[in-house]
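Enquirer: Each of the two chains sits in its own frame; use the hints to bring them together as a complex.
One line per chain: the protein sequences are A and B, in this order. Residue numbers for the first sequence follow this note's numbering, beginning at 1 and rising by one. Residue numbers for the second sequence follow this note's numbering, beginning at 357 and rising by one.
A hint or two may mislead.
[What the hints assert, rightly or not] Below 20 Å or equal to it, Euclidean Cα-Cα: the simulated EDC-like pairs (lysine to aspartate or glutamate) are:
no.	chain 1	residue 1	chain 2	residue 2
1	A	Lys239	A	Glu180
2	A	Lys239	A	Asp160
3	A	Lys324	B	Glu410
4	A	Lys239	A	Asp257
5	A	Lys324	B	Glu415
6	A	Lys232	A	Glu252
7	A	Lys324	B	Asp406
8	A	Lys239	A	Glu252
9	A	Lys324	A	Glu252
[To be verified] Chain A regions said to be covered by chain B (calculated; three or more residues, Cβ under 8 Å):
no.	segment
10	93–107
11	288–299
If you are wondering where the hints come from, they were derived from the structure by calculation, not from laboratory data. The beta carbon of each residue, even a glycine, is placed where N, CA and C say it ideally should be.
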Amino acid sequence: MIGTLLHRAFRANETAVHELNYLFWECTTRCNLHCRHCGSDCFAAGSDADMPLEDFLRAFDTIPAAERARPFTVVLTGGEPLLRPDLAEIGAALRSRGAGWGIVSNGWLYDAGMHQRLVAAGLGALTISLDGLEASHDWMRGRQGSFARALKGISVAATDPRINFDVVTCVHRRNLGELESLYGLLSGIGVRQWRIFTIIPIGRAARDPELQLSDAEFRGLMEFIKGKRQEKGSGGGMKVTFSCEGYLGAYERQVRDNPYFCHAGINIASVLIDGRICACPNIDRDAFSQGSIYRDDFYQVWQERFRPFRDRRWTRRGPCADCKVWRDCLGGGMHNWHGACEAVLNCHWAKTLAGK
Amino acid sequence: MLRKWIHRALKGASLTTALFVFQACYGTPPSVDMMGGDPGDVPALTAPEDSPEEAPSLEEISTPADETLPNP
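For reference, chain B alone in the conformation it holds in the complex (with noise of 0.2 Å):
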């Protein structure tokens, strides 16, 4: 429990629905009884852009076409 609760302090929460209420673009408004959300704790700084290593190709961070899909 004591692990769990410092990985999620380490990992951080998501402020998006605290601090930005947001829409997809084609979306709706939030549903109007969903508005706010928890605050975060402490929040992760680094962002992909920021690491250091050399960026992964398109085709090496896609999940591959499906050939076919099993039918629903």
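Just chain A, same shape as in the assembly (with noise of 0.2 Å):
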């Protein structure tokens, strides 16, 4: 309990405060890949033309310099990040402003020579996904060979102390089963960090059932990652964590290494490729972005506005209305509310509950 209002108050503070630190760039929304779950809906060609760096630059500049000094990271996302050309005239501009950067990755690019440049340019993360064992990642990714590309990816990237690494895997009902095996592969290249997500039914993935794991297979997944890390902490390899992406109750402190937090709007902002402010990619930016960098201040927007993400209230909608949670969860993250956000699109925690 007391751990609980600890935390109540950590986050009333971060808010209160909302210290920029994260930001992602939609550099692009080309990409080499057709992904069944894409959030983002890319296109090879992408709809929108890349965005110029010196148009980032002009609304990441807006940021006081004395913000900047703190930790902060740019993570660049899109489509795929490693098409763009101009990644170390990027990563070298960030560094000079004091900035961090990491890439979100799907690996197909990524080998050793785009590994010595980027690092060259300052990269300090990367993400690479992996979304099962061959079949099922090819499937997941809509192009053959992408297991191949990523897995090359990942062994370039893993045991290189110069660079904050991950994989990231979205769990589904296809590959729920092959998650050991996983487990034995990327621990088995030196990954050390292994995050796993689930789907929402958004964007393409909102056609596909099988991406949706039931109840009963969400409990599975808990099981299985709480089983990790207590080998974790009792000298085992590879550390095991669900993402931020919902309130878990009793799975806690068993899955996460800090209790539930969605911080999008509270320290993570977002340049869309069109230029509109909000936070995470995958929020809906139609519903939730807080002007445009062509028209607004930046920094002055994220000090101003960001009000449905600071002042959660709104969430008291739907099966949050009257739900004894949602002062630790507030509503889940902002990704689960879309369209008319008459309601959670998911609850993670009555996923825990159901059956028990």
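Expert: In structure tokens form, the structure reads like this:
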């Protein structure tokens, strides 16, 4: 109980201060894959032109230099950021401004040469997706050969101490039975951190029921992660963590390092491909964007807007209206609210309880 | 200057990177040289959900949707 109260106080303080220390840049919507679960609904050609670096930097430079001096990470996302030809230039520009930077990638283009160039440009963090063993991953990613390419990229990056690296896996019905094998595969090639997600029904995933876990399957996933973390605690290998996507009740301390806290709009912002300012790129941008870098001062928007993110009492609707854990959940992750926002798309806490 | 320091002490400072190094759901871990930060001062302990006043609706606190965006 004391821990819960302390965490609520911590969260209240963070919300009041809303220090920006994590900025997504959706630098392209071009992609070389066709993933079944892509919430960005990306296409090979990209429906929007890549944002020029100078446009992003103009927005970035509205952040006072004193703010940039704190721990600050810019994360390039997309689409597939490795398709941009100017990554070295981007990295140098961010480093010269005192920001660390990272990339989220499908790994198709990630090889030793790419790794060398990006580390030389100051890359400090990298995440590569791997969504199952070969057949499952290639099915998910919509291109044969994706698994081999991703695995090659993971092998290159996993043991380099100069970057903070992890692998992410979206778990669904097809790959749920492969987690043990994946654990062995990834830990065997030196991966130290593995993050696991489930898929929310947005974008292309909304049309594919195979991508959604049942409540029992979700609890099975929680038990798997819990078990691996217990092994790690007794000297096992790779750290396994569940994502920050929702409140998990009794599983909170068993599958995560820190209690649930959706930092979207509190510590996290994004500059989207068309210049809109929002939080995490998988959040409904039509419902929640707060302005545009082509019209507004980015940092002023950060300081003065973002009210739906910093006051989440509006989530008291639908099943959340009289939920007894709302004060700890606050309606779950912001990416779980879409369109008319009549109700949360996924209640993770309910999944952990169903059938008990 | 004194007023600024008092304001900062009362407002608190972010503890996110000092105590709870986090990463966004679909992002990377923090850049390797960016781990760690300054410890906080006196924290704020009240949150919007603690406020006795009536909660605003989503429509009241949302930014109006753009009808048109200027061409980049």
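Enquirer: Each hint needs a verdict: does it hold in this structure or not?
Expert: Evaluation of the provided hints:
1. Lys239/A to Glu180/A: 13 Å, holds
2. Lys239/A to Asp160/A: 17 Å, holds
3. Lys324/A to Glu410/B: Holds, at about 19 Å.
4. Lys239/A to Asp257/A: The given pair, whose Cα atoms are some 10 Å apart, holds under the 20 Å limit.
5. Lys324/A to Glu415/B: 25 Å, violated
6. Lys232/A to Glu252/A: Holds - the C-alpha atoms of Glu252/A and Lys232/A are around 17 Å apart, at most 20 Å.
7. Lys324/A to Asp406/B: 15 Å, holds
8. Lys239/A to Glu252/A: Distance of about 16 Å is within 20 Å: holds.
9. Lys324/A to Glu252/A: 16 Å, holds
10. 93–107: holds (count 6)
11. 288–299: holds (count 7)
Checked against the numbered hints above, the structure violates only hint 5.
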